[in-house]
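Q: Now for the letters of each chain:
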Amino acid sequence: MTDPVLSVRDLTVAVDTQAGPKPLVSDLSFALHRGETLCIAGESGSGKSITSLAVMGLLPTGVNVASGAITLDGQELTKLPERRMRDIRGARIAMIFQEPMTSLNPVLTIGTQLAEAIRTHDPKADAKKQALDALRAVRLSQPERRMGQYPHELSGGMRQRVMIAMALALKPDVLIADEPTTALDVTVQREVLDLLRDLQRDTGTAIILITHDMGVVAEMADRVIVMQSGRMVETAPVAQIFDTPAQPYTRALLAAVPRMGDGGGAAPITADPIAQLQDVQVSYDIHGGLLGRTTHRVHAVEHVSFDILAGETFSLVGESGCGKSTIARAITGLVPHEGQITVAGHSVPHDGLSAGPGLRRDVQMVFQDPAAALNPRKKVGELVAEPLVIHRIGTASERRAHVRDLFNRVGLSADQIDRYPHEFSGGQRQRICIARALALQPKLIIADESVSALDVSVQARVLELLAELKAEFGISYLFISHDMAVVENISDRIAVMYLGQIVEMGTRAQIFGNPQHPYTRRLIESVPVPDPAFIRAPSPRMATEVPSPVWAVGSGPARVVLTDAGGGHLVAEAAATDDAAVS
Amino acid sequence: MAAYLIRRLIQSALILLGVSVITFLLLYILPADPVRQIAGRSATPEVVENIRRQLGLDQPVWVQYGNYLWGLLHGDMGRSYLQRSEVASLIAARLPATLQLMLGAIIAELVIGLTLGVVAALNRGKPLDTSLMVASFAAVSAPQFVVALLLLYVFAVKLGWFPIGGYGTFSHLVLPSITMGIMGAGWYSRMMRSSMLDVLRADYIRTARAKGLGRMRVILRHALPNAILPVIAMIGMDIGIFMGGVVVVESVFGWPGIGQLAWQAIQRVDIPIIMGVTITSAVAIVLGNLLADLITPFIDPRIKLR
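Just so you know, the protein sequences line up as chains A and B, in that order.
Under UniProt numbering, the letters of the first sequence match residues 1 to 583, in that order.
Under UniProt numbering, the letters of the second sequence match residues 1 to 306, in that order.
FYI, nobody ran anything at the bench for these hints, they're computed from the structure.
One or more of the hints may lead you astray.
Straight-line distance between alpha carbons at most 25 Å, and here's what the computed SDA-like set of lysine to any residue pairs gives [claimed, not checked]:
#, chain 1, residue 1, chain 2, residue 2
1, B, Lys304, A, Asp285
2, B, Lys304, A, Val553
3, B, Lys126, A, Asp16
4, B, Lys126, A, Glu82
Taking the hints into account, I'd like the entire structure generated from these sequences.
A: What follows is the structure in structure tokens.
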């Protein structure tokens, strides 16, 4: 076997604290060979990102390599002075980051940022031409035009392509990709993963792929390192990790991964609807011109109709900007809408302002980011009691008792009610949000990407809790998610949204067992499968962009017509959604 | 862009109209009687009434205002009660000096404030940072006449580097500009420091470093243009603050600008001059803010004016 291009030996990275250095990564060793993809998998706090920053020499202040060695082609990096390390960064080891939306400088053009990377390491290069070549290599549409554009003019997927172009422009030996597709939609993730694989085949770059997604691991990795709390738990070729995981932690991690096809058939629910949406439309005006008149409209939700039955989990799936969260806001009466929405007997007012206490009591929401959804200056007990206070339910002592019950019910200890949100982990915070949503005994809980920000093992337990609560209290859920595997696991019925309209709707078995609409199929096929033996049918390499939902006043998207494909399985005619909007 | 500009100009005109109404009414209800000032203490009631009639001050307030506005629209700001000269030409003669002073002050506050802010941010938590922030606090809190006298004492009297007062050359401009800009410099150094610290934490700074760029290039090319954005919007407002400052600073340094003119007019209840200076200041403030807003899209491509 040839020498590894990068090797890490007994690496320990520690953060300075008042109580002395605290290790974030301990005794990590691995070797990376040319053309190889090494996946570092683990949940938050496992030290996988710190490892990559250590290799780049970009550790934040206060975090240092305590011991061990990082060697690139025989050259020790940890002791290298910053001046020499700079020559390696970007040229020989390049990195792409998780957040394409914020990883590019907003005030510089794409061309400037690309050319700068090239010129820094090769002052004589024809940087502009090389930059253009790099944009072509990542299959970005209209590369000449992109050069002069600013990051905000590009979508997330396009920006991640630019990041990849920037990283690979100088043909580095090692590419570190830190959760490169986590912030992207599933179809865009598919395109970016395909691209990385193609580019690696062409250039022979060794890739360290850091991810929490075992599906991505199965598709991309040659070898896998599983990390937990800064330590390597297990390392093995990818097939071995999935087939015969040696360590209990690896087994637990794999068991927690939601898989498609696990859902099983549930008895169809027959009950009265708890929520009814009839021809709901939501649009936002864009003003312009001399008098500030409305010139364009964002058609966020178009002619959407569906019922949520009592005791049912109804899921809305679709990619960012498809209008699924807007529907949630319309149902809660937080955004003006047209059409009819009725929830638990309350008609939702159209103005998005005057929803009465009855509606507010019967519909509760659980949001994506529990850290942002809890006021950091209030005790968690107060936060959970707040809905009761607002609706003037019970005395102070009754409320306190009720809050303690709720804490017990969501799997937290009642002793914790006097603590503050920052003292809890992400999963615990989401349980607090669920307790708060339960406080008023709502009939419908809207869970908007409620488990998306959680680690898989935590996610699995929160999903379990949601299922138990549904059985216990007969609550209905409107579950909004981009994660097809999670949706399949918990939903009774599903609506697939694209550009503000429902393109397919049916039971779980209908949608996942017999997807009819091309967009539904593409969504399902794009999901990475956590099985290295799975062979994906070759798909066209594309860089598609979802068309804009912005239309000039007086025009609008063609209305999608749903027809029954049997047993209440509604499918749109495919052609209607292919029209690109003009803005 | 054109539509934006036209809309903003119409808004500006409405603001100026509002300013003129409010100022006019305030001066009208003022207990000091300008006619008494002009006529002097020993004047007979007939003389007083005569002057009042001559100046048109016996008419109802809305007629007075209507006449004033009509004149204003024709570029006529009336005549000074006491000097009998055209207010417009009095202001025109003094405006260049004041504009010079304001420009000097803007440059002083930006150069001092932004530099110190960046230096403080790059030395965060170190003694240099702490001392700079204490200094900026002192700069923000110090009254202008104290700063003026201190600067005069040190740099004009003791060191003799700059003239004690007067107008004409660049060296005359230095101390008044710094006096007027020092408060803004204090604010800007604090704003710039926190803005810079925010930007240095941003993902794109990490990207820039991951490209292998040198420290100076990361700071100057990537951090600075982003950190400066919130500051730009503030410059427009400074002109308003300066308008208050010119009265003090011009008096202390004997600077022949509209601040002095206003000061004398206030003492003598010379209402046409007070009106004229107020309207001129309002125009400067409105235009300054408009200019700051028009510049922003050139620095931040995400901002579109429409």
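Q: Each hint: holds or not?
A: Do the hints match the structure? See the list:
At roughly 16 Å between alpha-carbon atoms, Lys304 of chain B and Asp285 of chain A fall within 25 Å of each other, so this suggested pair holds. With a C-alpha separation of about 20 Å, the suggested pairing of Lys304 of chain B with Val553 of chain A holds against the 25 Å cut-off. The straight-line distance between the Cα atoms of Lys126 of chain B and Asp16 of chain A is roughly 17 Å, inside the 25 Å bound, and the hint therefore holds. Only pairs whose Cα atoms come within 25 Å are accepted, and Lys126 of chain B paired with Glu82 of chain A is accepted, the gap being roughly 21 Å.
The earlier numbered hints are all upheld by this structure, with none contradicted.
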